[in-house]
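Number of protein chains: 2
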Amino acid sequence: MAGELLQRRHRLLGQHAPLFYEEPLEIVSGEGVWLTSADGRRYLDVYNNVPSCGHCHPHIIAALTGQASRLNVHTRYLHNTILDYVERLTALFDPSLDMAMLTCSGSEANELALRMVRHMTGHQGIIVTDGAYHGNTEAVAELGTGFMPEAEGCQRVVGIPAPDSYRLPPGVTTETAEDYYVAQVESAIETLQSRGMGVAGILLCPEFANEGLLNAPEGFIDRAVAAVRAAGGLYIADEVQGGFGRTGHHWWSHQQHESVPDVVTLGKPMGNGHPLAGIIARRDLVEPFSATAMYFNTFAGNPVSCAVGMAVLDVIEQEGLMANAVSTGAHVKAGLDKLALASTAIGDVRQKGLFFGVELISDPATRAPDTRLAKQVVNQLKDRGVLISSIGQHNNVLKMRPPLPFGPEHGDILLAALGEVLLETDTP
Amino acid sequence: MAGELLQRRHRLLGQHAPLFYEEPLEIVSGEGVWLTSADGRRYLDVYNNVPSCGHCHPHIIAALTGQASRLNVHTRYLHNTILDYVERLTALFDPSLDMAMLTCSGSEANELALRMVRHMTGHQGIIVTDGAYHGNTEAVAELGTGFMPEAEGCQRVVGIPAPDSYRLPPGVTTETAEDYYVAQVESAIETLQSRGMGVAGILLCPEFANEGLLNAPEGFIDRAVAAVRAAGGLYIADEVQGGFGRTGHHWWSHQQHESVPDVVTLGKPMGNGHPLAGIIARRDLVEPFSATAMYFNTFAGNPVSCAVGMAVLDVIEQEGLMANAVSTGAHVKAGLDKLALASTAIGDVRQKGLFFGVELISDPATRAPDTRLAKQVVNQLKDRGVLISSIGQHNNVLKMRPPLPFGPEHGDILLAALGEVLLETDTP
Chain A
0 MAGELLQRRH RLLGQHAPLF YEEPLEIVSG EGVWLTSADG RRYLDVYNNV PSCGHCHPHI
60 IAALTGQASR LNVHTRYLHN TILDYVERLT ALFDPSLDMA MLTCSGSEAN ELALRMVRHM
120 TGHQGIIVTD GAYHGNTEAV AELGTGFMPE AEGCQRVVGI PAPDSYRLPP GVTTETAEDY
180 YVAQVESAIE TLQSRGMGVA GILLCPEFAN EGLLNAPEGF IDRAVAAVRA AGGLYIADEV
240 QGGFGRTGHH WWSHQQHESV PDVVTLGKPM GNGHPLAGII ARRDLVEPFS ATAMYFNTFA
300 GNPVSCAVGM AVLDVIEQEG LMANAVSTGA HVKAGLDKLA LASTAIGDVR QKGLFFGVEL
360 ISDPATRAPD TRLAKQVVNQ LKDRGVLISS IGQHNNVLKM RPPLPFGPEH GDILLAALGE
420 VLLETDTP
Chain B
0 MAGELLQRRH RLLGQHAPLF YEEPLEIVSG EGVWLTSADG RRYLDVYNNV PSCGHCHPHI
60 IAALTGQASR LNVHTRYLHN TILDYVERLT ALFDPSLDMA MLTCSGSEAN ELALRMVRHM
120 TGHQGIIVTD GAYHGNTEAV AELGTGFMPE AEGCQRVVGI PAPDSYRLPP GVTTETAEDY
180 YVAQVESAIE TLQSRGMGVA GILLCPEFAN EGLLNAPEGF IDRAVAAVRA AGGLYIADEV
240 QGGFGRTGHH WWSHQQHESV PDVVTLGKPM GNGHPLAGII ARRDLVEPFS ATAMYFNTFA
300 GNPVSCAVGM AVLDVIEQEG LMANAVSTGA HVKAGLDKLA LASTAIGDVR QKGLFFGVEL
360 ISDPATRAPD TRLAKQVVNQ LKDRGVLISS IGQHNNVLKM RPPLPFGPEH GDILLAALGE
420 VLLETDTP
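From first to last, the protein sequence lines are chains A and B. Anchor point for the first sequence: position 280 equals 279 in numbering that gives the first Met the number 0, and the numbering is continuous, going up by one each time. Anchor point for the second sequence: position 154 equals 153 in numbering that gives the first Met the number 0, and the numbering is continuous, going up by one each time.
Hints are computed from structural coordinates only; laboratory data are not their basis. A portion of the hints provided could be inaccurate.
Some chain A residues well away from chain B (every beta-carbon gap over 12 Å; in silico) [claimed, not checked]:
id : residue
1  : Ala99
2  : Ser164
3  : Leu275
4  : Thr343
To spell it out: a stretch of chain A is covered by chain B in this simulated footprint if at least three of its residues, at any positions, have a beta carbon under 8 Å from a beta carbon of chain B; those stretches are [stated by the list, open to error]:
id : region
5  : 17-30
6  : 43-50
7  : 122-130
8  : 146-152
9  : 183-193
10 : 329-336
11 : 397-411
Glycine is no exception: its CB is placed at the ideal position from the N, C-alpha and C atoms.
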């Protein structure tokens, strides 16, 4: 059955349409933190951050259905829903970030942010971290330094090494790491200026999620942003992964630092799976940009999407999902730390709320990344009914970011399964 | 009330977020071809092509609700819905167009098409028609020759005059028009080659919808495509406006011509308002492109979007909407032609199925476009409870493309209101 499905998929979508797992899963239904496959097996979802309020949340489905039954139309008529939503959403940010422009996807949000900072600064140059993924359009693919074809030879984007405190470059120590990574930003600024591109901005996921959920040296972001601003550039925080309360203590992951972004891009969990994304930005950027750039988006900001977005905010607030991210996050972190003591394969355990990165290594002395083991663990956990994935420059970091209603009891299932898999692997 | 809403909107979305009408409308509900405003007034919708199956269609809402209650997740797990949908959708195209890649918006679809033809040809140059709008991302904004800031000075895009058979350039006659417009394509090819860009392709809306729903000289598209192909480029047909049966006789507007596109982009009506779009392309383009370009789209192709897309196809087929587009289209066309005999303000009436363009002029001898009158007619029709808009290079073409369940009885309401407005204006 799965074989036949796979054949049809190759015929209709192509052989390279990305799929998870050595033996792909056919998922047919979801509820809360659980997914069910075609053969009736239940899987604990420790991967999906898009259905952040839980799969098929009844309050969100009610909002979707209710508004879809009344009206779904573009934003060139007046409608209360978009205004109520944007008012409530922008209130969750620094007061300077008081306007929104909505889109359908994180790619569109990053596109819009890039267009805006390039228009407003008159510069083209953008600084990103190597290994970060920000979306699939051409200008955004250019940001995928090191792995996207559009980034190759692109003169207006410069990638810097992701600020990794665990896997330091040769000659760099914990004490010198912050200065080292800030110097990379300064060097990128010089490169862009010497190419005549100027500096339009720096675009960062403040969690460095795709790079491996890195712990950056503490002062890195604030110093990097200051250097970019001194060169006339702006700060874009990509909250597509880190936003909407996932990190627990803050609504937005940039709020861990002093620097207030000029533009924030939002996506994935914003509509719990409904295509909803957007940017939050300062009035003095939005107004002049909109006056010249003719931005309109047919689907974005329609009343159905906004009703869904509002319901997502309801659930995060009413169900205490951020407090749960803090407490369950700490519970799981403690379990992972304990596991790290028992297994030499775990080099580092990183956690922010309900986002976990577990670095797998083949040698504690050299911290050599164990990509093969990570792949094996991901597939063996699937066989045990637990869904996770892997990320990072070496694809050796276990990536776990479950729907936010994930409780300690779910954490214990994950920890038990992970313990079994790592112990089995440790003793061949 | 509308004043207060407008103030809030300016504060939250900015003063330049596009709005319709001198006095914007607050729309609160929709059903079939009717919209209702906050003050309880009903408006006949002769504008909206996105809710193409009719506003709030119960079959589509049932599909949306049903699937959203079961599962909404990305496409890296196997799922039948996307395969069933893509199989049914691609069957509506020439057999060579047998694969799909789904997106959330028409902008994303055109982005993907551009990335694909540029990857596959190794060339950068794209030919478009002046005055066409294809979306809001940077690479797509570059296609907005003459009005988008990104198009200004862009070396890899060349705009040609839209092939207008009504408003011919000086010295061009009906007999020489086809040769003239084809020569523009040949000249654009030379320009791109002399710039070292090469020719990646030509991207056209086969209806020339934004350009004013033009009647192009009959052989233009086939000859233009042949010239582009001879230069190593590909043909992208943008069916975001012309597709999904709107023109009545064909599912896709490119099917009026011999040339089979290499890539077709889809959008607006695809999900009846749900953010669903995509491209249909040949296997020998999709497979090698996907192998190198790492395309993935978090929201696109999820089971909810695909269930909605499937329901849209159901409605078009089961309710005979294409046959209705032919018959009601002809009925309205006859009425508009009659009106054109009575009013010297109508210079040309163009129609394809349920898509109408009525050219307003101030002088039958010179065919001088009457932009002011078009604006007046749009606003006065709104006061009479009929919603339309205007388009074209001079914004003097009345743009009418109602939801497809628009019947002759609705056409008569439109014709009566339009007659009143034009007669009133004719006799001051």
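Going through the hints against the structure:
1. With a least beta-carbon separation of about 7 Å from chain B, alanine 99 of chain A fails to lie farther than 12 Å from that chain, contradicting its non-interface assignment.
2. Under the 12 Å C-beta cut-off, the non-interface status given to serine 164 of chain A relative to chain B holds; the minimum distance is some 28 Å.
3. Separation of leucine 275 of chain A from chain B is inadequate, the least Cβ-Cβ distance of about 8 Å not exceeding the 12 Å criterion.
4. Distance check on threonine 343 of chain A: its Cβ is at least 31 Å (rounded) from any Cβ of chain B, clearing the 12 Å threshold; non-interface status holds.
5. Look at the region 17-30 of chain A against chain B: 10 of its residues bring a Cβ nearer than 8 Å to a Cβ of that chain, three or more, so the hint holds.
6. Given a C-beta distance limit of less than 8 Å, the hint that chain B covers the region 43-50 of chain A holds, as 3 residues qualify and 3 suffice.
7. Coverage of a stretch by a chain is defined here by at least three residues with a beta carbon nearer than 8 Å to that chain's beta carbons; for the region 122-130 of chain A and chain B the count is 0, and the condition is violated.
8. Counting residues of the region 146-152 of chain A whose CB falls under 8 Å from any CB of chain B gives 4; the rule of at least 3 is met.
9. Counting residues of the region 183-193 of chain A whose C-beta lies closer than 8 Å to any C-beta of chain B gives 0; at least three are required, and the coverage claim is violated.
10. Counting residues of the region 329-336 of chain A whose CB lies closer than 8 Å to any CB of chain B gives 0, so the stated coverage by that chain is violated, three being the minimum.
11. Residues of the region 397-411 of chain A lying with their CB closer than 8 Å to a CB of chain B number 0, which falls below the three-residue condition for coverage.
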